[in-house]
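Chemist: The primary structure of each chain is shown beneath.
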Amino acid sequence: MSTASVVRFEHVSVEFDGDLALNDVSFDVRAGETRVILGAAGSGKTVLLKVAMGLVRPSAGRVFLFDTNITHLRERDLFSLRSRVGILFQEGGLFDSLTIEENVAYPLVNQASIKCPAEEVLPRVNQALQFVELGHTLAKVPSELSGGMRRRVGIARAGVTEPPLVLYDSPTAGLDPITANTIMALVVKQRDLRNITPIIVTHRAQDGYLLANYCWNTAESKVERATAGHRATEQTEYMVMCEGKLVFQGPEEALSASSDPYVSKFVRRNH
Amino acid sequence: MKQLILTLQDFLYLAGRAFRAIFRRPHYFADQSIQADVIGVGSLPIVMLIGTFSGVVMALQMSRALSTYGAVSKTGEIVAITLIREMGPVLTALLVAGRNASGIASEIGSMKVTEQIDAMRALGTDPILKLVKPRLIATSLVLPLLTVLADFLGIAGGFLIAYFMLNLTASQYWTSAYQALEYNDIAQGLVKPFLFAVVISLVGCFYGLRTTGGTQGVGLSTTQAVVVASVWIFVIDVFVTQVFVNL
Ligand SMILES: Nc1ncnc2c1ncn2[C@@H]1O[C@H](COP(=O)(O)OP(=O)(O)O)[C@@H](O)[C@H]1O
Ligand SMILES: [Mg+2]
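Going line by line, the protein sequences match chains H and R. Per our numbering, residue 1 is the first one in the first sequence, and the count goes up by one each step. Per our numbering, residue 1001 is the first one in the second sequence, and the count goes up by one each step.
FYI, nobody ran anything at the bench for these hints, they're computed from the structure. Treat the hints loosely; a few may be bogus.
[Said to hold, decoys possible] Partial chain R-side listing against chain H, Cβ under 10 Å, derived: (1) Ile-1022; (2) His-1027; (3) Gln-1032; (4) Ser-1033; (5) Thr-1068; (6) Gly-1070; (7) Val-1072; (8) Lys-1074; (9) Glu-1077; (10) Ile-1117; (11) Ala-1122; (12) Gly-1124; (13) Asp-1185; (14) Thr-1212.
Beta carbons are placed, not taken as given, at the ideal position from N, Cα and C, and that holds for glycine.
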């Protein structure tokens, strides 16, 4: 498959006060893929996503977003590229001083290159919130919602501009297993209905397994096992991070077959 | 030492970006007036109180020294000059640093640790324009005004002492206060609060924006912002005074 490159790292390192948060990381994510990034806490997953969006500058190497070299791009030139990327932050990143409606509308209103006509903002916000089944929360503020609901608002905000690429930073972290599964179902739904390229960071092996083997059934409105040949099974790639280094990269079979004790911690057992 | 120089370099970089941002669009005027309200109106009671008391205390202290030279009638002059040149600007700036350098650092710091700053940048807003610029402009407008008010109340406080305890007449006190002041003093009294305002707002923003490490990190940034802003207020005070003394 030779589809367009969406995110590409070439020997990227990131240094914070002398410590390497990313150490010589290289990979290439292509349009239509699902990329699952596994790793323990502090292994550099969040930093990797932020570098991909130009929020953190690498201290060495080159970063390409949609085939544009963003390594040294000025902040104001990054904005139009960033408008083509949705992102769900680990800490939520919802603006506490704004209502849910204003939060979801934020990228539509503030991204200069989106050019959403004023009268279309509210319908699109409604649609995005209905997608995550939170259509009734428009007037609330983030502190009035539960952790799982805030994540769902984050997913709605990440998808409202219909970007071709969405980055999910630990969408299930800090949630109970049931809520975590609801969130993962939404990620699958967003991938399959909106046809985006997702890059998902997680420390739960089952999240990767779900993305690699399940797809969204629109008729029944739930996730179901994907048949062979579906993009989920064909085009899911895993990466495993350890202390800033990329220690594994490959499809599910290779991950299951890995003999490395750290990597095999992220293989889902007994399915 | 190396750390100190690197921090200063980062600070100057932020300052440079903030000053260039003043002329760049968009202008978030609503945020600017909210900040002017928080900083100006919010600090009004404490600035008025401390301003008055500083004049009262100074008149009391000075009257004793002046009486040994038989120059008690000069009280108005001494109070006015010290307040307008030094005490008014520095005291007001220290109060505002305590209230607002910390307020700015903690507000921006909590936005930083909850990734709201990253979200802003990801979703099309430059935090320098949206957060730093309104605070810089609002503080620079409001602090000189607060200082003038503190100066005036301080001189008035000094008058109370002069009138009721030193038995000076109103015209003796106010005339000597008024005649003592030169353009140099007024200029100095306005340049200082303006520079202090720049330092207070930018130091607050700087420590807020470099917050890491969750809620604890916010506490640390807040304290650092107040300490560093206060130190800079004195350092700048020395330099500006030096310049004006030689004029
Ligand atoms: N802004 C920062 N300043 C200093 N160190 C940082 C910063 N961001 C991340 N780090 C460090 O980089 C490492 C990787 O962090 P992160 O990417 O958040 O890990 P995770 O895989 O849990 O998401 C950690 O050791 C963290 O302390
Ligand atoms: Mg993380």
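Chemist: It remains to establish, for every hint, whether it holds in the given structure.
Modeler: Hint check results:
1. Ile-1022: Ile-1022/R check fails; min Cβ-Cβ to chain H is 16 Å, beyond 10 Å.
2. His-1027: At about 14 Å, which exceeds the 10 Å cut-off, the nearest Cβ of chain H leaves the hint on His-1027/R violated.
3. Gln-1032: 15 Å, violated
4. Ser-1033: 15 Å, violated
5. Thr-1068: 58 Å, violated
6. Gly-1070: Result: violated, 61 Å to nearest chain H Cβ.
7. Val-1072: 55 Å, violated
8. Lys-1074: 53 Å, violated
9. Glu-1077: 49 Å, violated
10. Ile-1117: Status holds, d = 9 Å.
11. Ala-1122: Where the cut-off is 10 Å and the nearest Cβ of chain H is about 5 Å from Ala-1122/R, the hint holds.
12. Gly-1124: 4 Å, holds
13. Asp-1185: This hint is violated: Asp-1185/R lies away from chain H, its Cβ roughly 42 Å from the closest one there, beyond 10 Å.
14. Thr-1212: The hint holds - Thr-1212/R has a Cβ within 10 Å of chain H, the shortest such distance being about 9 Å.
Hints 1, 2, 3, 4, 5, 6, 7, 8, 9, 13, counting from the list given before, are not met by this structure.
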